[in-house]
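Asker: Here are the chains, one letter per residue:
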Amino acid sequence: MSRYMLLSFALASLIALASTTDASAHCFVGARFFPATLATDDPCVADEMSLPTVSWSKTPDTPPAVEWDVSGEISKRITENFGVSIGETWTQIRQPDGSVTAGFQNLETTFQYQLLKDRAHEFALMAGLIVEWGNTGATNSGLGTSYSLVTPTLYFGKGFGDLPDTLSWARPFAVTGQIGYEIPTSSFDFTQNAFIPQQAVYGASLQYSLPYLKSEVIDLQLPDFLNHLIPIVEASFSTPVANNLGNPYTTTGTVNPGVIWVGGYFQVGLEAVIPINRDSGSGVGVLGQLHLYLDDMFPTTVGQPLFGGTSAAPRKMTF
Amino acid sequence: MRILTFAISALFTVWLGTVASAHAFLDHAEPRVGSAVPTAPRELSLSFTQKLEPAFSSVEVSDANGTRVDLGRPSINTSVMRIGLKPLSPGTYRVRWHVLSVDTHTTEGSFTFQVGQ
Numbered sequence: 090m091s092r093y094m095l096l097s098f099a100l101a102s103l104i105a106l107a108s109t110t111d112a113s114a115h116c117f118v119g120a121r122f123f124p125a126t127l128a129t130d131d132p133c134v135a136d137e138m139s140l141p142t143v144s145w146s147k148t149p150d151t152p153p154a155v156e157w158d159v160s161g162e163i164s165k166r167i168t169e170n171f172g173v174s175i176g177e178t179w180t181q182i183r184q185p186d187g188s189v190t191a192g193f194q195n196l197e198t199t200f201q202y203q204l205l206k207d208r209a210h211e212f213a214l215m216a217g218l219i220v221e222w223g224n225t226g227a228t229n230s231g232l233g234t235s236y237s238l239v240t241p242t243l244y245f246g247k248g249f250g251d252l253p254d255t256l257s258w259a260r261p262f263a264v265t266g267q268i269g270y271e272i273p274t275s276s277f278d279f280t281q282n283a284f285i286p287q288q289a290v291y292g293a294s295l296q297y298s299l300p301y302l303k304s305e306v307i308d309l310q311l312p313d314f315l316n317h318l319i320p321i322v323e324a325s326f327s328t329p330v331a332n333n334l335g336n337p338y339t340t341t342g343t344v345n346p347g348v349i350w351v352g353g354y355f356q357v358g359l360e361a362v363i364p365i366n367r368d369s370g371s372g373v374g375v376l377g378q379l380h381l382y383l384d385d386m387f388p389t390t391v392g393q394p395l396f397g398g399t400s401a402a403p404r405k406m407t408f
Numbered sequence: 145m146r147i148l149t150f151a152i153s154a155l156f157t158v159w160l161g162t163v164a165s166a167h168a169f170l171d172h173a174e175p176r177v178g179s180a181v182p183t184a185p186r187e188l189s190l191s192f193t194q195k196l197e198p199a200f201s202s203v204e205v206s207d208a209n210g211t212r213v214d215l216g217r218p219s220i221n222t223s224v225m226r227i228g229l230k231p232l233s234p235g236t237y238r239v240r241w242h243v244l245s246v247d248t249h250t251t252e253g254s255f256t257f258q259v260g261q
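In order, the protein sequences belong to chains A and B. All residue numbers for the first sequence refer to this note's numbering, where the first residue is 90 and numbers rise by one. All residue numbers for the second sequence refer to this note's numbering, where the first residue is 145 and numbers rise by one.
Do not rely on the hints blindly, as some may be mistaken.
One-sided excerpt, in silico: chain B residues whose CB lies under 8 Å from chain A [to be verified]: (1) Ala166; (2) Phe169; (3) Ser179; (4) Ser189; (5) Asp214; (6) Ser219; (7) Asn221; (8) Ser223; (9) Arg226; (10) Asp247; (11) Thr251; (12) Gly253.
No wet-lab data here; the hints were simulated from the structure. Glycine residues also receive a C-beta, built at the ideal position from the N, C-alpha and C atoms.
In isolation and in its complexed conformation, chain A is listed as follows (with noise of 0.2 Å):
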């Protein structure tokens, strides 16, 4: 099955779905809203989608090419609990030269699980398993591979709200992160005669929410836009830690100072992407995002788990 086909079957079975179960939130846990980050992912199922996110970069290259990515994401709840995305990413790399690779990377599939919301404390725990399927993408032009990566990630947020009132200033403040362990399906990859090694992928955020401040702690009177901006900064690292016989154990990365505009529907993210080091890339790239929140666009079809959703009336909440 081609990777349009399996869009275009998600996308569709997103159109066709309805139902009359009881919404759950997107990221919301208690007071503490999460926004999607770019570079890593918060810690909630959700139903939403990223499209398009793309980025502008420098390779490590010597002299570097230019880097265009674009992709598209879109995630889906089967239960209250357990959801699926499928991702794709299309790039296209343009040498010093003039000459130009261009074509799919594999394709993407994350299953997750909600492991924990404690409202009260703004804590929220995610486990995932990200797939990327090994001859979906270009393998001809080394965009995509011949071999598949798996990889156990544990996700998490934890908002500050709960900071005493001589911090109020800091409640705003929240962290994510991520961390995982990639294992490729082979061993030692004979196309560029090298070991594929095994990686400890993990990457965190650290957020200041204006709404946050507005609705929790003091109502400034600012420009509304203002108070629709999370300030962030992201940083996302990948480290070998097995089978990379004969190269050397660097951790490659980047660190991301953007912002994020969330509005009722949608939110706009744009953020600078800093590499760590030489072999990160080169210069200072960009990385933007439109993601819409699939579960306020269509609180009654698409935005409902496709099964266990609540179909009882809320329950009224007491104090």
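Assemble chain B onto chain A, guided by the hints.
Answerer: Just chain B now, kept in the frame of chain A:
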């Protein structure tokens, strides 16, 4: 790519044809979140970004000792929730709210305001 474009267009068409509503965020409050007011307010007003379901939305106001100082049942008019307050002495008061927007999304929050300080 044409299929993808079509599918995305279909999604947006469905969305635009739907009376969608989102999570209800607190837009503003009176007394304002984190503010200090010189005289005791007789009412608390919370304005949200979405219409509310009155049966499943509530608010309470309590003093520093945790004693309720509101008059009980709030009144809700579309996206605005109001609740009367007992005579308040100078001090810090905490507001805790929980609302259900008309599309069944729940949100909650809390904040403080001060009287006479």
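Asker: Taking the hints in turn, state whether each one holds.
Answerer: Results for each hint:
Look at B:Ala166: its Cβ gets to within about 4 Å of chain A, closer than 8 Å, so that hint holds up. Restraint check, B:Phe169 versus chain A: the minimum CB separation of about 7 Å is within 8 Å; hint holds. The criterion of a C-beta within 8 Å of any C-beta in chain A is met by B:Ser179, whose closest approach is roughly 7 Å, and the hint holds. With a cut of 8 Å, the hint placing B:Ser189 at the interface with chain A is violated, because the nearest CB-to-CB distance is about 13 Å.
Using the Cβ-Cβ criterion of 8 Å, the hint placing B:Asp214 at the interface with chain A is not satisfied: the shortest such distance is roughly 11 Å. For B:Ser219, the interface hint is violated, since its Cβ never comes within 8 Å of a Cβ in chain A; the closest pair sits about 16 Å apart. Contact between B:Asn221 and chain A, as hinted, is not supported at the beta carbon level, the nearest pair being about 19 Å apart and thus beyond 8 Å. Interface hint at B:Ser223: violated, since its Cβ lies 12 Å from the closest Cβ of chain A, which is beyond the 8 Å cut-off.
The interface hint given for B:Arg226 is broken, as the beta carbon of that residue sits about 17 Å from the closest beta carbon of chain A, more than 8 Å. Of the supplied interface hints, the one on B:Asp247 holds, with its beta-carbon coming within about 4 Å of a beta-carbon of chain A, less than 8 Å. Because the beta carbon of B:Thr251 sits about 7 Å from the nearest beta carbon in chain A, less than 8 Å, this interface hint is met. Below 8 Å, beta-carbon pairs count as interface contacts, and B:Gly253 has one with chain A at about 4 Å; its hint therefore holds.
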